[in-house]
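Asker: Sequence:
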Amino acid sequence: MVINDETKKIFKLALPLILQQMFTQILIWADTAMLGHVNSQFFSALANVFVPFDLVSSVLYAMCTGTTILVAQKIGAKDFDAARKYSEASYIGNSFFSLIAFSILFFGSKTIFTLMGIESPILEFSVSYVRIIAFVVLAIGITGTSTSILQGIGITKIIMVGGIVSNILNIILDWLLIFGVGPFPEMGIEGAALATTISNYVAIPIALIYIIKSKRIPFKVRLKNLIKFKAKIYKEVLIFGLPSGGEYLLWNIGCFVLLIYMNQLSADAPGIYNLVLSIEFLPIMIYTGFANAGLTLVGQKTGEENHKAALRVGSKCLNYAFIVCGIVAIFFVAIPGPILSCFTNDKEFVIKCVPYLRFLALILIPKSINNVIGPSIRALGDTNWMLYTQIFGTIFTCAFAYVLVFYTDLGVLSIFITFLADELIRGIINALRFFKGREVFGLKPFVKREN
37 MVINDETKKI FKLALPLILQ QMFTQILIWA DTAMLGHVNS QFFSALANVF VPFDLVSSVL
97 YAMCTGTTIL VAQKIGAKDF DAARKYSEAS YIGNSFFSLI AFSILFFGSK TIFTLMGIES
157 PILEFSVSYV RIIAFVVLAI GITGTSTSIL QGIGITKIIM VGGIVSNILN IILDWLLIFG
217 VGPFPEMGIE GAALATTISN YVAIPIALIY IIKSKRIPFK VRLKNLIKFK AKIYKEVLIF
277 GLPSGGEYLL WNIGCFVLLI YMNQLSADAP GIYNLVLSIE FLPIMIYTGF ANAGLTLVGQ
337 KTGEENHKAA LRVGSKCLNY AFIVCGIVAI FFVAIPGPIL SCFTNDKEFV IKCVPYLRFL
397 ALILIPKSIN NVIGPSIRAL GDTNWMLYTQ IFGTIFTCAF AYVLVFYTDL GVLSIFITFL
457 ADELIRGIIN ALRFFKGREV FGLKPFVKRE N
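Going by our numbering, the residue at position 429 of the sequence shown is 465; the numbering climbs one at a time, nothing skipped.
Do not take every clue at face value.
To be verified - Straight-line distance between alpha carbons at most 25 Å, and here's what the computed DMTMM-like set of lysine to aspartate or glutamate pairs gives:
#1 Lys-45 with Glu-160
#2 Lys-256 with Asp-115
#3 Lys-260 with Asp-418
#4 Lys-383 with Glu-340
#5 Lys-146 with Glu-160
#6 Lys-146 with Asp-41
#7 Lys-344 with Asp-41
#8 Lys-352 with Glu-341
#9 Lys-249 with Glu-226
#10 Lys-45 with Asp-418
#11 Lys-48 with Glu-340
#12 Lys-193 with Asp-304
#13 Lys-264 with Asp-117
#14 Lys-352 with Asp-418
#15 Lys-249 with Asp-117
#16 Lys-251 with Glu-42
#17 Lys-45 with Asp-382
#18 Lys-388 with Asp-445
#19 Lys-472 with Glu-42
#20 Lys-271 with Glu-42
#21 Lys-251 with Glu-316
#22 Lys-472 with Glu-341
#23 Lys-388 with Glu-341
#24 Lys-114 with Glu-316
#25 Lys-114 with Asp-304
#26 Lys-383 with Glu-272
#27 Lys-249 with Glu-42
#28 Lys-251 with Asp-117
#29 Lys-271 with Asp-418
#30 Lys-45 with Asp-115
#31 Lys-114 with Glu-42
#32 Lys-266 with Glu-316
#33 Lys-344 with Glu-42
#34 Lys-193 with Asp-41
#35 Lys-344 with Asp-90
#36 Lys-146 with Glu-226
#37 Lys-352 with Asp-90
#38 Lys-268 with Asp-115
#39 Lys-146 with Asp-90
The hints are simulated quantities; they were obtained by calculation from the structure and are not laboratory data. What you are looking at is a predicted structure, and each value in this text was computed from that prediction instead of being measured.
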């Protein structure tokens, strides 16, 4: 098989991100496994924490996508001065939203969890965890912007280095602080939160210093300009970033509603949901590397006005995601028990989770379509499309799950059936949008097709 330059570029961008994300997933697994062997109730606490935490953090990172798209398009157009201005304006602008998100999590956590229907002792576990990990959100304005700039340029190795350093430190601190090794106190779930927070802050300077000092950056970012907020320039970043942020906000609101449903099903339901979906992060973290490669290269080809190449790159990235999902699905179906047993020694809990991990194999392919094609659609310059399909998805998910949860006897399975239906419907719509153009929906084509 001949590997052309385009394929090489995809893997050059994707592989460092995949390795970094795999290290991140190993960290999540280690974190989950350590806590699970201390107290299986921590699974439910983590499930409840990660809904509001992922909501605000994913929205913030999604808003940083505006920086990636504009930098990538300007790099493709060889307009390096504009790429520099967008980069510099993004640090202060994105940090402002991080401060708002931090305040909501830190000061409003108990109210949020109470509204979710969480009761003691899981309520106390959740509040203590999120008030520490909220400081990670405070730093996303800097870390997310740095990562977005590097992705827009097409440099991903330094992102991998920062991620690996952070994750190795996190695992070490988890062991020391969760169990109380040597002079360190035994902190349990609070120790896990503190370990995550410290390791994230240690990694902040790595990417930032690289952007300022490296000669591989095609424009000169000045430290003094990072503290000068240019609202007019940042407004353009928001035009691209806000729809992506809105999309992730809606998706997480849907998850939030589903978690409320699950808390009414049983005390174990959120824990089952959290454990099974945390395992799902393995294929997601891998194919997200290809999704980010597509975001960069489709954006750069769009800046070059090479629309055929943009579609070709997006298609290749999706094909690689399919291969990843197919391999992982085989393991989920064949050996669910041994996989789940890596995270808890509660055999009864493992037995409860087995059918849901197998069912998850059905969701992988349609979910990968949305996660890989979505960034490519944004990189073409249409940041609103995915927001529109997610509006439909959130309404559908909340309504469909409500019917299944409260009017059938399917229990937790109703949540996973809802996920499958939602991802499948949106996957078909989004694939048609990208590959066939907007004319399928009666709209003006975004690609000039040759006769």
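Asker: Against each hint, give a clear statement of whether it holds in the structure.
Answerer: Taking the hints in turn, this is what the structure says about them:
1. Lys-45 with Glu-160: violated, 48 Å
2. Lys-256 with Asp-115: Satisfied, since the Cα-Cα distance of roughly 13 Å is no more than 25 Å.
3. Lys-260 with Asp-418: The hint is violated at about 33 Å.
4. Lys-383 with Glu-340: violated, 56 Å
5. Lys-146 with Glu-160: Between Lys-146 and Glu-160 the Cα gap is close to 8 Å, so the pair holds against 25 Å.
6. Lys-146 with Asp-41: Violated - the C-alpha atoms of Asp-41 and Lys-146 are around 52 Å apart, more than 25 Å.
7. Lys-344 with Asp-41: This hinted pair holds, its Cα atoms lying about 16 Å apart.
8. Lys-352 with Glu-341: The given pair, whose Cα atoms are some 19 Å apart, holds under the 25 Å limit.
9. Lys-249 with Glu-226: Distance ~37 Å between Lys-249 and Glu-226 Cα, so the pair is violated.
10. Lys-45 with Asp-418: holds, 23 Å
11. Lys-48 with Glu-340: holds, 20 Å
12. Lys-193 with Asp-304: violated, 40 Å
13. Lys-264 with Asp-117: Holds: Lys-264 and Asp-117 sit about 16 Å apart, inside 25 Å.
14. Lys-352 with Asp-418: Holds - the C-alpha atoms of Asp-418 and Lys-352 are around 20 Å apart, at most 25 Å.
15. Lys-249 with Asp-117: holds, 17 Å
16. Lys-251 with Glu-42: holds, 24 Å
17. Lys-45 with Asp-382: violated, 45 Å
18. Lys-388 with Asp-445: Status holds; Cα separation ~16 Å.
19. Lys-472 with Glu-42: holds, 22 Å
20. Lys-271 with Glu-42: violated, 33 Å
21. Lys-251 with Glu-316: violated, 38 Å
22. Lys-472 with Glu-341: holds, 18 Å
23. Lys-388 with Glu-341: violated, 52 Å
24. Lys-114 with Glu-316: violated, 39 Å
25. Lys-114 with Asp-304: Roughly 54 Å between the alpha carbons, so the hint for Lys-114 and Asp-304 is violated.
26. Lys-383 with Glu-272: The given pair, whose Cα atoms are some 53 Å apart, is violated under the 25 Å limit.
27. Lys-249 with Glu-42: violated, 28 Å
28. Lys-251 with Asp-117: holds, 15 Å
29. Lys-271 with Asp-418: holds, 16 Å
30. Lys-45 with Asp-115: holds, 21 Å
31. Lys-114 with Glu-42: Distance ~19 Å between Lys-114 and Glu-42 Cα, so the pair holds.
32. Lys-266 with Glu-316: Given pair Lys-266, Glu-316 is violated - Cα atoms ~40 Å apart, limit 25 Å.
33. Lys-344 with Glu-42: With Cα atoms ~13 Å apart, Lys-344 and Glu-42 stay inside 25 Å; holds.
34. Lys-193 with Asp-41: holds, 18 Å
35. Lys-344 with Asp-90: violated, 35 Å
36. Lys-146 with Glu-226: Roughly 16 Å separates the two Cα atoms, so the pair holds.
37. Lys-352 with Asp-90: violated, 29 Å
38. Lys-268 with Asp-115: holds, 18 Å
39. Lys-146 with Asp-90: Holds - the C-alpha atoms of Asp-90 and Lys-146 are around 16 Å apart, at most 25 Å.
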